[in-house]
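J.: Kindly generate the complete structure, drawing on both the sequences and the hints.
Line by line, the protein sequences are chains A and B.
The opening residue of the first sequence carries number 62 in the working numbering; numbering runs sequentially from there.
The opening residue of the second sequence carries number 301 in the working numbering; numbering runs sequentially from there.
Where hints are given, some of them may not hold.
Some chain B residues judged to face chain A by a derived CB distance under 10 Å, without partners named [stated by the list, open to error]: (1) 499; (2) 504; (3) 522.
Between beta-carbon pairs, the in silico distance windows are [what the hints assert, rightly or not]: (4) B/339 / A/300: 46 to 56 Å; (5) B/628 / A/443: 33 to 43 Å; (6) A/141 / B/579: 28 to 38 Å.
Honestly, the hints are just simulated from the structure, not real lab data.
Being a predicted model, the structure only gives us computed values, none of them experimental.
From the three backbone atoms N, C-alpha and C, an ideal C-beta is built for every residue, glycine too.
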Amino acid sequence: MSVSNDREEAPGGAADREQGAAGQPLLSLSDVEKSFPGVKALRGVRFDLRAGEVHALMGENGAGKSTLMKIITGVYQPDSGEMRVSGEPVSVPDPRAAQALGIGIIHQELFLMNHLTAAQNIFIGREPRKGFGLFVDEQQMRADADALFRRMKVDIDPDVEVGTLTVARQQLVEIAKALSFNSRVLIMDEPTSALNETEVEHLFAIIEDLKRQGVGIVYITHKMDEVKRIADRVTVMRDGQYIDTLPAATTDMATIISLMVGRELADSTRAEGRGAEEEVLRVEGLNRGQVIRNVSFSLRRGEILGFAGLMGAGRTEVARAIFGADPIDSGEITIHGRRQAISSPKDAVALGLAYLSEDRKHFGLVTGMSVSDNITMASWRRFTKGRVFMDDARLREASKDYVARLKVKTPSVFQETRLLSGGNQQKVVIAKWLLRDCDILIFDEPTRGIDIGAKAEIYKLLQGLAAQGKSIIVISSELPEVLRLSHRILVMCEGRITGELDGREATQESIMHLATLRPSIAAE
Amino acid sequence: MTDITLEQAGAKKSSLFSTAALQKGVAFVVLIALLAFFSIFTENFAAWNNMVNIMQATAVNGVLGVAVTFVIISGGIDLAVGTMMTLTAVMAGLVLTNLGMPLPVGIAAALASGGVMGLISGSAIAKLKIPPFIATLGMMQISRGLALVFSGAKPIYFNSTPNYKYLSPESSISSLIPGFEVPNGVFIMFGVAIAASIVLNRSLFGRYIFALGSNEEAARLSGVNVDFWKILTYALSGAICGVAGLLISSRLNSAQPALGLGYELDAIAAVVIGGTSLSGGRGTILGTIIGAFIMSVLTNGLRSMGVQEEWKIVVTGVIIMVAVFVDIILRRRA
Ligand SMILES: Nc1ncnc2c1ncn2[C@@H]1O[C@H](COP(=O)(O)OP(=O)(O)OP(=O)(O)O)[C@@H](O)[C@H]1O
Ligand SMILES: [Mg+2]
Numbered sequence: 062m063s064v065s066n067d068r069e070e071a072p073g074g075a076a077d078r079e080q081g082a083a084g085q086p087l088l089s090l091s092d093v094e095k096s097f098p099g100v101k102a103l104r105g106v107r108f109d110l111r112a113g114e115v116h117a118l119m120g121e122n123g124a125g126k127s128t129l130m131k132i133i134t135g136v137y138q139p140d141s142g143e144m145r146v147s148g149e150p151v152s153v154p155d156p157r158a159a160q161a162l163g164i165g166i167i168h169q170e171l172f173l174m175n176h177l178t179a180a181q182n183i184f185i186g187r188e189p190r191k192g193f194g195l196f197v198d199e200q201q202m203r204a205d206a207d208a209l210f211r212r213m214k215v216d217i218d219p220d221v222e223v224g225t226l227t228v229a230r231q232q233l234v235e236i237a238k239a240l241s242f243n244s245r246v247l248i249m250d251e252p253t254s255a256l257n258e259t260e261v262e263h264l265f266a267i268i269e270d271l272k273r274q275g276v277g278i279v280y281i282t283h284k285m286d287e288v289k290r291i292a293d294r295v296t297v298m299r300d301g302q303y304i305d306t307l308p309a310a311t312t313d314m315a316t317i318i319s320l321m322v323g324r325e326l327a328d329s330t331r332a333e334g335r336g337a338e339e340e341v342l343r344v345e346g347l348n349r350g351q352v353i354r355n356v357s358f359s360l361r362r363g364e365i366l367g368f369a370g371l372m373g374a375g376r377t378e379v380a381r382a383i384f385g386a387d388p389i390d391s392g393e394i395t396i397h398g399r400r401q402a403i404s405s406p407k408d409a410v411a412l413g414l415a416y417l418s419e420d421r422k423h424f425g426l427v428t429g430m431s432v433s434d435n436i437t438m439a440s441w442r443r444f445t446k447g448r449v450f451m452d453d454a455r456l457r458e459a460s461k462d463y464v465a466r467l468k469v470k471t472p473s474v475f476q477e478t479r480l481l482s483g484g485n486q487q488k489v490v491i492a493k494w495l496l497r498d499c500d501i502l503i504f505d506e507p508t509r510g511i512d513i514g515a516k517a518e519i520y521k522l523l524q525g526l527a528a529q530g531k532s533i534i535v536i537s538s539e540l541p542e543v544l545r546l547s548h549r550i551l552v553m554c555e556g557r558i559t560g561e562l563d564g565r566e567a568t569q570e571s572i573m574h575l576a577t578l579r580p581s582i583a584a585e
Numbered sequence: 301m302t303d304i305t306l307e308q309a310g311a312k313k314s315s316l317f318s319t320a321a322l323q324k325g326v327a328f329v330v331l332i333a334l335l336a337f338f339s340i341f342t343e344n345f346a347a348w349n350n351m352v353n354i355m356q357a358t359a360v361n362g363v364l365g366v367a368v369t370f371v372i373i374s375g376g377i378d379l380a381v382g383t384m385m386t387l388t389a390v391m392a393g394l395v396l397t398n399l400g401m402p403l404p405v406g407i408a409a410a411l412a413s414g415g416v417m418g419l420i421s422g423s424a425i426a427k428l429k430i431p432p433f434i435a436t437l438g439m440m441q442i443s444r445g446l447a448l449v450f451s452g453a454k455p456i457y458f459n460s461t462p463n464y465k466y467l468s469p470e471s472s473i474s475s476l477i478p479g480f481e482v483p484n485g486v487f488i489m490f491g492v493a494i495a496a497s498i499v500l501n502r503s504l505f506g507r508y509i510f511a512l513g514s515n516e517e518a519a520r521l522s523g524v525n526v527d528f529w530k531i532l533t534y535a536l537s538g539a540i541c542g543v544a545g546l547l548i549s550s551r552l553n554s555a556q557p558a559l560g561l562g563y564e565l566d567a568i569a570a571v572v573i574g575g576t577s578l579s580g581g582r583g584t585i586l587g588t589i590i591g592a593f594i595m596s597v598l599t600n601g602l603r604s605m606g607v608q609e610e611w612k613i614v615v616t617g618v619i620i621m622v623a624v625f626v627d628i629i630l631r632r633r634a
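T.: Following this line, the structure appears as structure tokens:
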């Protein structure tokens, strides 16, 4: 690599412990530049990866992490810069070339074919054959997929249509696919953003395993504890620039954060107070097939109610049912003391409900439309002249306001949303519901993919809204987030509410206990 | 005509670079190139008279193209535009000739019948969840059949309504500007196009059409009344087919019930050449109008060159493929 006097290679550096000074890095990049219309995404970035290490890549939303990885895997072409694999200069004109070089990636945005099965998705383009190569050996393929899932200790049917899986499970399929390539370099772009604790543990076990086999892993995340747990080195990027590379073990997290954000972050505080007594939403006896079983709860004015539970516990389903997105079998919903029949999201929004979906790409954003259109979409009626024509000036002002408030990184509010980084897209969905100004907000995984700084801002914002008298339901797989935000916590397991905890008294352990209290087992 | 050139809101800022603008630019360049080519290589092509012929010939396809542009941007398709046009012409004929009603009632009958047919297709799609291709294929047969039934399978002439010809072939403007013999139908086409782009780019309805075509589920979860706007889109499209019905029957001075099949494909071709994406969420009215002009310039030019009618059809097919190919190239680069 051209930059041989990198500080991380200084004599005796702790980062050297995984691999001696001898040998070329598995992968190295230098002076990588990349511009998009109106955005300079990468300016002279360098990066290197050794065999058998986990190299964490961190930086704020829009720092250029995903772009760098897409260059490595041939999704984008760099404007300039050099890439070497095992010391040899290479060019990666397309993703196939990257695969041939032994580079695999789990993308931040899922790239799966919804109508194919899990096994078909994993082996697409390289299906095992039989009958003189004319037929796909379905049985073999299924067995291979099954073996992968078993190795990951997840329970997914290889024959299930991927479109019917939740985002979290789709992410697991994507991980299985990347593993199936037997890559020497494996890139994981926020792989745990949709996984729960147990699955994260499984993933970490897999990563340890791969490390031992000498696979180099690039690990992009916004979660500090994960970096502490598994990373050997950390590279920080800011505004498309390389900032520094540090050994993970000996660097304290505050240093990394300040390198990322360029300033210190205030410590997080737990929720204060508990909301008024006035009940704004009451759900009684909600049922839907096997996924929602007799769910009852109430939400008070000014309260933040956390919903915790493992993936598939039914939290999203409850939210969608209340919002009228899915039909229910039975149940009563009372809003501000009046019973309501909500048969579609339109009714729900009219009653002052908002639902931020966990799946922003399919349900949250109209990615082909502008940032401005997306932020204002749920409120378009308010931005008309004479209820017919759009008032574009006011639309622009309102969306600019929210872009500034949530620090959405975009060249303009007219940028197509699909061109924003993942975290910035998430901010756009949040902005949409903040602008709509609803009384009851249901936020499903609101900070998925959002960087540490912005997360703190969003927490403050949610607490501010609650203080103003809005009522908020937060569904989150991140226990620290639930604990940090909630006045009260409901824990679900297998479609039932298994317990209620006071926000101030709850602990990760008490939540996990309830989250695994399988009613199906308890009943026996 | 500035309103037509307005981009979809999302692209307004960088309209010079947006793919829709580029595609329209490409379509426009193709149109100019074709005009130049035929002017140089054939004798009478560039004559004013012939230009008027071309405009006249574009009017019906242009209006039908506008109708189907709405539906395609909303993420659907409408195969019934040609036969709905015929049915609306027959309705006008029944009201004017058979019932002897005054002209405005005939016009209203055409627009309303088109709107109702569209409303039915739209409801079948939004409420019964029948895929647009199937629902409008059904509507294509229904309207074709009804046109034949209502007219007794015979043309209805507008001889008792002498003013009827003012809808299309007659040129009112030539009495103001002598020699400027542009038929009224051409002005009606441009009027429809301008109104349509205002609706599409400026109105709440237009914004919903783009949202539906880009991600219907996200729009629904934003509280948008998806079914309502979808039905409205098809109804509007149907009413615009009513305008086309008036134009074509005025030009022929008769409602021809057997006509109509095949017009939908020409209209869809104009839309596609004009850069509207068949997968929805992206497109412009100006593009469609340019697309319609390209098709009639080709027809007319090849005819003046003495090329067989059959070859003209082949060339049109090639142009459609080239246009879409260029669109794909441009989109990949952006
Ligand atoms: N195809 C594109 N066209 C235009 N701009 C783009 C494109 N892809 C990325 N960008 C811009 O480049 C910048 C870097 O984006 P990137 O996706 O690499 O960020 P990131 O570090 O992965 O952020 P996050 O943590 O939110 O995922 C952002 O400002 C983004 O808007
Ligand atoms: Mg990213």
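J.: Mind checking the CB of residue 499 of chain B against every CB in chain A and telling me if the closest is under 10 Å?
T.: holds, 9 Å
J.: Take a look at whether the Cβ-Cβ distance between residue 628 of chain B and residue 443 of chain A falls inside 33 to 43 Å.
T.: Given about 38 Å between the Cβ atoms, the range holds.
J.: Within 28 to 38 Å or not, the Cβ separation of residue 141 of chain A and residue 579 of chain B?
T.: Holds - the Cβ-Cβ distance for residue 141 of chain A and residue 579 of chain B, about 34 Å, lies within 28 to 38 Å.
J.: Quick one: are residue 339 of chain B and residue 300 of chain A within 46 to 56 Å, going by C-beta?
T.: holds, 54 Å
J.: With a cut-off of 10 Å on the beta carbons, see whether residue 504 of chain B makes it to chain A.
T.: holds, 5 Å
J.: Answer holds if the nearest beta-carbon of chain A is closer than 10 Å to that of residue 522 of chain B; otherwise answer violated.
T.: Check passed: Cβ of residue 522 of chain B comes within 4 Å of chain A, closer than 10 Å.
Figure legend: structure checked against the earlier numbered hints; every hint is met.
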